[in-house]
Every structure is written in structure tokens, then in C-alpha cells.
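Just add 72 to the spot in the sequence shown (first one is 1) and you have this note's numbering.
Since the hints were derived computationally from the structure, they do not count as laboratory data.
Hints should not be assumed to be uniformly reliable.
What follows is a set of in silico ranges between Cβ atoms, one per label pair, in the way DEER data are often shown [said to hold, decoys possible]:
id, residue 1, residue 2, range
1, Arg131, Arg94, 54 to 62 angstroms
2, Arg131, Phe77, 15 to 23 angstroms
3, Pro75, Arg130, 44 to 52 angstroms
4, Gln78, Arg114, 26 to 34 angstroms
For every residue, glycine included, the Cβ atom is placed at its ideal position computed from N, Cα and C.
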Amino acid sequence: MTPVFQFLLGILYFKEAMPPERWAGFALVWLALILLTWDALRTARRSARVLAEKRRARRRRPTPRACPPKRAA
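Work the whole structure out from these sequences, hints included.
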């Protein structure tokens with residue numbers, strides 16, 4: 073949050089000049105941050121879903137029973 077506050081302080085309070093190139097760079101950085109956050113959330117949700125499915129499958133699977141000893145013929 074600090075970079076955003078510094079940016080707003082520079083623009084609104086100190087009346088810093090913002091040429092179009094700087095606006096474009098600022099927009100690209102924020103776009104990259106948005107994409108990175110979206111991908112991280114999507115991956116985390118997918119991982120949680122896969123883990124939950126594995127846990128459910130493990131609960132449904134019957135426990136193997138020991139085979140009775142074979143009788144000598």
C-alpha cells in the first residue's frame with residue numbers, strides 16, 4: 073500500500089508531472105500485479121479442491137482386511 077500512497081501524494085500534493093510514458097509504466101505494473109494475484113488465487117483454490125477430493129476418496133476406500141492364513145494341504 074505504501075507505493076500507492078506515495079504515488080498519490082506525489083500526484084495530488086506535490087503536483088508531480090506524469091508524462092504518458094510514466095502512466096503507461098504504472099498501468100503495466102498494476103496489470104502484472106493483478107494477473108499475478110489472480111493466478112495465485114486460482115492455484116490455491118485448485119490445490120485446496122484437489123486435496124479435499126483426495127481426502128474424500130481416502131475416506132470412501134474400504135480398509136484392506138488381512139487374508140486368513142492358508143491351510144496346509
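Consistency of the hints with the structure:
1. Arg131 - Arg94: 54 to 62 angstroms: holds, 56 angstroms
2. Arg131 - Phe77: 15 to 23 angstroms: Hint violated: Cβ distance 49 angstroms, outside 15 to 23 angstroms.
3. Pro75 - Arg130: 44 to 52 angstroms: Given range 44 to 52 angstroms: holds, Cβ gap about 45 angstroms.
4. Gln78 - Arg114: 26 to 34 angstroms: Since the Cβ atoms of glutamine 78 and arginine 114 sit about 30 angstroms apart, the hinted range of 26 to 34 angstroms holds.
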